[in-house]
Amino acid sequence: MKHRYTALFSLAFLLLTLHISSPQLWAQRKLLRVMSYNVENFFDTEDDPTHDDASFLPTGEQHWTHARYQTKIQHIAEVISTVGGEAFPDLIALMEIENATVLSDLLHRTALGEKAGYRHIITHGEDKRGINVALLYAPETFRLITSEELPIHFPFDSLRRTRSLLRVTGEVPSGDTLHVFVCHLPSRRGGALASARYRNYCCMHLCE
Numbered sequence: 001m002k003h004r005y006t007a008l009f010s011l012a013f014l015l016l017t018l019h020i021s022s023p024q025l026w027a028q029r030k031l032l033r034v035m036s037y038n039v040e041n042f043f044d045t046e047d048d049p050t051h052d053d054a055s056f057l058p059t060g061e062q063h064w065t066h067a068r069y070q071t072k073i074q075h076i077a078e079v080i081s082t083v084g085g086e087a088f089p090d091l092i093a094l095m096e097i098e099n100a101t102v103l104s105d106l107l108h109r110t111a112l113g114e115k116a117g118y119r120h121i122i123t124h125g126e127d128k129r130g131i132n133v134a135l136l137y138a139p140e141t142f143r144l145i146t147s148e149e150l151p152i153h154f155p156f157d158s159l160r161r162t163r164s165l166l167r168v169t170g171e172v173p174s175g176d177t178l179h180v181f182v183c184h185l186p187s188r189r190g191g192a193l194a195s196a197r198y199r200n201y202c203c204m205h206l207c208e
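Residue numbering for the sequence shown follows our numbering, beginning at 1 and increasing consecutively.
Hint data in this document are derived by calculation from the structure and do not stem from the laboratory.
The beta-carbon is built from N, C-alpha and C at its ideal position, and this holds for glycine as well.
You may find that some hints are simply not true.
Restraint ranges, calculated between C-beta atoms of paired labels, are given here [stated by the list, open to error]: (1) 75 x 144: 36 to 44 Å; (2) 67 x 160: 34 to 42 Å; (3) 128 x 150: 15 to 23 Å; (4) 86 x 146: 26 to 34 Å; (5) 113 x 86: 15 to 23 Å; (6) 81 x 189: 31 to 39 Å; (7) 109 x 40: 12 to 20 Å; (8) 74 x 193: 34 to 42 Å; (9) 50 x 190: 37 to 45 Å; (10) 117 x 148: 40 to 48 Å.
Make the full structure from the sequences, and use the hints.
Written out as structure tokens, the structure is:
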């Protein structure tokens with residue numbers, strides 16, 4: 001069973017469960033565009049004293065200047081804009097997001113906010129670097145019902161901190177309910193075998 005979980009969930013993913021009771025209504029919308037995107041270290045340029053983000057500051061190891069931050073925002077927006085083809089994705093699961101500020105900048109400093117009209121939900125987990133998961137959603141095609149942050153605490157390692165899971169429930173154009181889980185599993189740092197139990201635990205917690 002452990003090998004099965006590792007194979008299925010070793011990468012960050014978006015899990016969707018959809019119960020369709022009326023195909024005729026669903027057909028009116030044709031399809032729902034869903035995107036999962038690890039944006040990798042999407043930090044702002046401000047120091048967060050509660051987390052270890054020193055590498056991503058103008059004076060840090062990555063020389064994270066305002067110009068580099070702006071370039072990253074534009075690149076992320078370009079990727080999202082091209083994925084949906086003629087239309088923007090309806091749901092976008094994002095990994096490695098520092099805070100709501102970077103999401104706000106992404107939406108207001110690019111065409112995503114005006115053209116797609118996205119709203120966002122983000123976790124506030126215990127990852128030591130302060131990276132979280134988030135969901136962008138288009139309110140015209142996904143009417144938010146509830147959102148819940150699911151913290152992860154490892155019973156076998158009380159000192160290990162990781163990002164939370166995000167569960168979002170909404171109504172889609174068919175009138176049916178869609179449950180969206182956004183998860184960024186612990187990395188293989190320290191070795192795939194040694195770190196597998198952390199990923200397995202997150203997967204089991206997700207399936208409860």
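Right, here's what the structure says about each hint:
no.: 1; hint: 75 x 144: 36 to 44 Å; verdict: 28 Å, violated
no.: 2; hint: 67 x 160: 34 to 42 Å; verdict: 35 Å, holds
no.: 3; hint: 128 x 150: 15 to 23 Å; verdict: 19 Å, holds
no.: 4; hint: 86 x 146: 26 to 34 Å; verdict: 31 Å, holds
no.: 5; hint: 113 x 86: 15 to 23 Å; verdict: 19 Å, holds
no.: 6; hint: 81 x 189: 31 to 39 Å; verdict: 32 Å, holds
no.: 7; hint: 109 x 40: 12 to 20 Å; verdict: 19 Å, holds
no.: 8; hint: 74 x 193: 34 to 42 Å; verdict: 39 Å, holds
no.: 9; hint: 50 x 190: 37 to 45 Å; verdict: 24 Å, violated
no.: 10; hint: 117 x 148: 40 to 48 Å; verdict: 23 Å, violated
Checked against the numbered hints listed earlier, the structure breaks hints 1, 9, 10; every other hint is satisfied.
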